[in-house]
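These protein sequences, in sequence, are chains A and B. Take 1 as the starting number for the first sequence in this note's numbering and just add one per residue. Take 1 as the starting number for the second sequence in this note's numbering and just add one per residue.
Worth flagging that the hints you see were computed from the coordinates, not collected in a lab. Where hints are given, some of them may not hold.
[Unchecked claim] Computed from the model, here is a short list of chain A residues facing chain B with C-beta under 7 Å: (1) Val27; (2) Val46; (3) Val54; (4) Gly57; (5) Leu59; (6) Ala73; (7) Ala115; (8) Pro117; (9) Ala119; (10) Val167; (11) Tyr207; (12) Arg307.
For clarity, every value in this text was computed on a predicted model and none was experimentally measured. Every residue gets a Cβ at the ideal spot worked out from N, C-alpha and C, and that includes glycine.
Residues per chain, in single letters:
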Amino acid sequence: MSARARRAAGLAAAVLLAGCGTNLSAVDPAGPQAARIAGLAGFLTVAGSAVFLVVVGFLLYAVWRGHRRAESAGGPEVERRMALWVGGGLAATVAVLAAVLLHNLATGRALAAFAEPDALVVRVTGQQWWWEVEYQDPSPHRRLLTANEIHVPVGRRVRVEVESSDVIHSFWVPNLHGKLDLIPGYSGVTYLRADRPGVYHGRCAEYCGLQHARMDLRVVAEPPERFAAWYEAQLRAAPPPADSLQQKGQQVFLTRKCAMCHTIRGTPAQSRIGPDLTHLASRGTIASGTLPNTRGHLAGWVVDPQRIKPGARMPPNQLASDELHALLDYLQSLK
Amino acid sequence: MASTGAEVREGLLDAEARAEMERTWRPRPGLYGWLASTDHKSVAKRYVATAFLFFILGGLEALLMRVQLARPENGLLDPDQYAQLFSMHGTTMMFLFGVPIQLAAAIYLVPLMVGTRNISFPRLNAFGYWTYLVGGLLLYSGFALNTGPDAGWFNYVPLAGPEYSPGKRIDVWAQTVTFTEIAALVAAVELIVTILKQRAPGMSLNRVPLYVWSILVTSFVVLFAMPSVALASLMLAFDRLVGTHYFNPAEGGDALLWQHLFWFFGHPEVYIMFLPATGFVSEIIPVFARRRIFGHTALVLALVATGFLSFGLWVHHMFTTGLPQLGQSFFTAASVMIAIPNGVQVFCWIATLWAGRPRFDTPLLFVLGFLVLFVMGGITGVMVASVPFDQQAHDTHFVVAHLHYVQIGAFVFPLFAAIYFWFPKVTGRMLSETLGKWNFWLFFAGVNLTFFPLHFLGLMGMTRRVYTYLPETGWGPLNLLATVGAFTIAASVAVFLANVYRSLRSGRAAGDDPWGAHTLEWGTSSPPPSYNFLHVPVVQGLYALWERTPDRPVVTGMQTRRREVLLTTVLDATPDARYEHPGPGLAPLYTALGLGVTFIGAIFTPWAFVAGPVLMFGALLHWFATEEEKEGPPTHAEEPA
Chain A
1 MSARARRAAG LAAAVLLAGC GTNLSAVDPA GPQAARIAGL AGFLTVAGSA
51 VFLVVVGFLL YAVWRGHRRA ESAGGPEVER RMALWVGGGL AATVAVLAAV
101 LLHNLATGRA LAAFAEPDAL VVRVTGQQWW WEVEYQDPSP HRRLLTANEI
151 HVPVGRRVRV EVESSDVIHS FWVPNLHGKL DLIPGYSGVT YLRADRPGVY
201 HGRCAEYCGL QHARMDLRVV AEPPERFAAW YEAQLRAAPP PADSLQQKGQ
251 QVFLTRKCAM CHTIRGTPAQ SRIGPDLTHL ASRGTIASGT LPNTRGHLAG
301 WVVDPQRIKP GARMPPNQLA SDELHALLDY LQSLK
Chain B
1 MASTGAEVRE GLLDAEARAE MERTWRPRPG LYGWLASTDH KSVAKRYVAT
51 AFLFFILGGL EALLMRVQLA RPENGLLDPD QYAQLFSMHG TTMMFLFGVP
101 IQLAAAIYLV PLMVGTRNIS FPRLNAFGYW TYLVGGLLLY SGFALNTGPD
151 AGWFNYVPLA GPEYSPGKRI DVWAQTVTFT EIAALVAAVE LIVTILKQRA
201 PGMSLNRVPL YVWSILVTSF VVLFAMPSVA LASLMLAFDR LVGTHYFNPA
251 EGGDALLWQH LFWFFGHPEV YIMFLPATGF VSEIIPVFAR RRIFGHTALV
301 LALVATGFLS FGLWVHHMFT TGLPQLGQSF FTAASVMIAI PNGVQVFCWI
351 ATLWAGRPRF DTPLLFVLGF LVLFVMGGIT GVMVASVPFD QQAHDTHFVV
401 AHLHYVQIGA FVFPLFAAIY FWFPKVTGRM LSETLGKWNF WLFFAGVNLT
451 FFPLHFLGLM GMTRRVYTYL PETGWGPLNL LATVGAFTIA ASVAVFLANV
501 YRSLRSGRAA GDDPWGAHTL EWGTSSPPPS YNFLHVPVVQ GLYALWERTP
551 DRPVVTGMQT RRREVLLTTV LDATPDARYE HPGPGLAPLY TALGLGVTFI
601 GAIFTPWAFV AGPVLMFGAL LHWFATEEEK EGPPTHAEEP A
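So here's chain A without its partners, still in its complex pose:
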């Protein structure tokens, strides 16, 4: 199929599937691999639909023709014609399948050729039920730990190294590329490149327990300079509390259960059981894509995560209302 036809098929599919509020479509590519795969999907859809129509057409014709017969047909002449038609059908099947196979292999080859040595390296570790994201860098102090949100510069290749610390998960950002499983004991590598800025949603695609449905992530593709600015901001330790309320909020964080699982760089809280919260307020969502990052949702999540994500590893927190408000003030200051 020509590039133009491929684009047309992809566009048709995209129009068909439009109307989604979130960027989560396998046929609305924002990166080269997703585009290749969407082209293949268009080819397979067109070829498959044609085969379906032809076969069902023959079936309906056969039934209609047979229905009009006074006497069922037989004899060497009829058998010969049937053999011819069945043989022709077989030859056509083999031809279509060969075309499909070649197209598959060519696409697979193109996808495999996407590796690049000096890509931005991000290590993604799946956990029940969130994503730990660690940007790699030769100098250790420029390594960056965050969660559930991967910022990438538009147009640059990103090498995503995946692993799992508990059960099998699968890393999938449909607008950019197909999925790759995170299997304990194995490490996997995939490459992404976003060609236009935007927020691309991702999901865990392998059933991983109770909250598999709420294990989302976001890939934020930004122009390189904005990405660089974001990166520098994220590298900094958390800003110190700006007022007494935030001060009190930090105390709540450090003296209650929060600090037992979470890290806020620049404070004594250094545990890696839960997501790193150093720049929590800079993220768009909380609870691994479950809720928008607003004060109200944050309050609901901190007090009773089990109502929002039953089975999640975070326990409920009974806080007095002034403590809660102080804590929220503090968390929202972590820009």
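Start from chain A and add chain B according to the hints.
Same frame as chain A, now just chain B:
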């Protein structure tokens, strides 16, 4: 028709001979008789009924899931209930409905079709049913006690391992699977032996009906596929119960090993359900097209080729695990290749319909529906066989759509066709054609309404096994449509049940051969007598009833006072030996119960491995003691020449 010598002879001796055969073969009366029966027909009937009950339970589970997904953030089910429901739905449909009902139908039909009096190893057959029943009861007792499996029917480790699934839920799953494996394996052995050694004289291999061929191939697939999952579930049970580390990467185990072992069984399993379905279709089409099937040999070769190729596909369930490119290409090629024999089958069926004079009774309607849905599912199958496309489609609702088109279209539709076709033979009564047509059209509309939208949902990013989704995803409307479709299917199944009920109460009498069919079972009464055939028929052509000569030759000289069956040679089906079958007894039930105590008890205490075998030893002593009493060594038949 002029009376022939054979008919006169039969008429004179009829009453006396039939009475004597009935005394020899009839089941014993009362509850004991029911429990002790080793007649292939009564075992198969309860087998089919049990499997169909599980079909309904699995369907209800699916309905609940569809209601939950009908709109975003629905609160009907919590994630734990949802996890149990989809695990139960998959496990039920695959292990308690799909494979068992196909083997059960074969247990009923194959001995009749090859013209023998009972299945080979009739007590093993009864044992198989009881084992299966124990497995089914274990799974559903677990579910009722909130101990239903919750890691999916595929049960991936480490999620299903001891660390992430404490409690007994996964143990219930593993042992259920063990029971159903044993049941399937014994059925496969009996069917192979029946087909190879008990065919009526004259039914040389080139005259074996296509359905029987499909069962022969299926049984071999069972023999090679089931040990893989038996091993996997045993290793999992060891990991969970005695602390081995087969699947624990932290101790040198391997999490991917489970997937290889499981799918080495799991992919052929699809064909264990599908191949007999193609057998149904190949039997039904010539009867309703009123013409010999086109391409008999090609169809047999297609069955055998599909059986072989089905073992070369398992990695296409693992395309996203990051296996090496070259290996994946091999499995893509194999997955694409299997479309070729299936294409041959479809073309031969269409050609037969073209040359025939089809009559549109319900069985043929279901077959036509099958062809449409199967082509659809086959095409999406070729799509997901592509590694790059599958990396997007895998574990999304696109795959849910694909697999249900294949499973319902290519297995449940032919099954319904077969039920409408053979119900008159089994019960002696016809099903209503009017209700049958309602049944078909509601089902056909329901399947498309439910599963066609799921293709789009998958490409829109809707992953599988999610208990909820956010409104912003835009998945709501298509999900609602799918839920409406699911209720349409439920209505269709309700119409079917009403049809069966009505027919059993007041259905029209069927007669021996209501369809003008050609295989041997239509040559005996409906329902068949306990001994199947008064005289074992002699087969004179591929279409046994269409091609028999007017004198209708039969085998005479068989014992009527003992349960004697005729053994014939493997290739040419010339008489080989007369073999006496054991009568009814409780040993199979006892043995199955002993096995049940062993495996179910092992969930709770290792001492079960001591107690269970003691019980089984007693049961087997009983088994072999009664064999001694009822069976002598095989008596060699007189060589004809």
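Hint-by-hint comparison with the structure:
no., hint, result
1, Val27, "holds (5 Å)"
2, Val46, "violated (11 Å)"
3, Val54, "violated (10 Å)"
4, Gly57, "violated (10 Å)"
5, Leu59, "holds (5 Å)"
6, Ala73, "holds (4 Å)"
7, Ala115, "violated (12 Å)"
8, Pro117, "violated (19 Å)"
9, Ala119, "violated (17 Å)"
10, Val167, "holds (4 Å)"
11, Tyr207, "holds (4 Å)"
12, Arg307, "violated (11 Å)"
The earlier numbered hints that this structure contradicts are 2, 3, 4, 7, 8, 9, 12.
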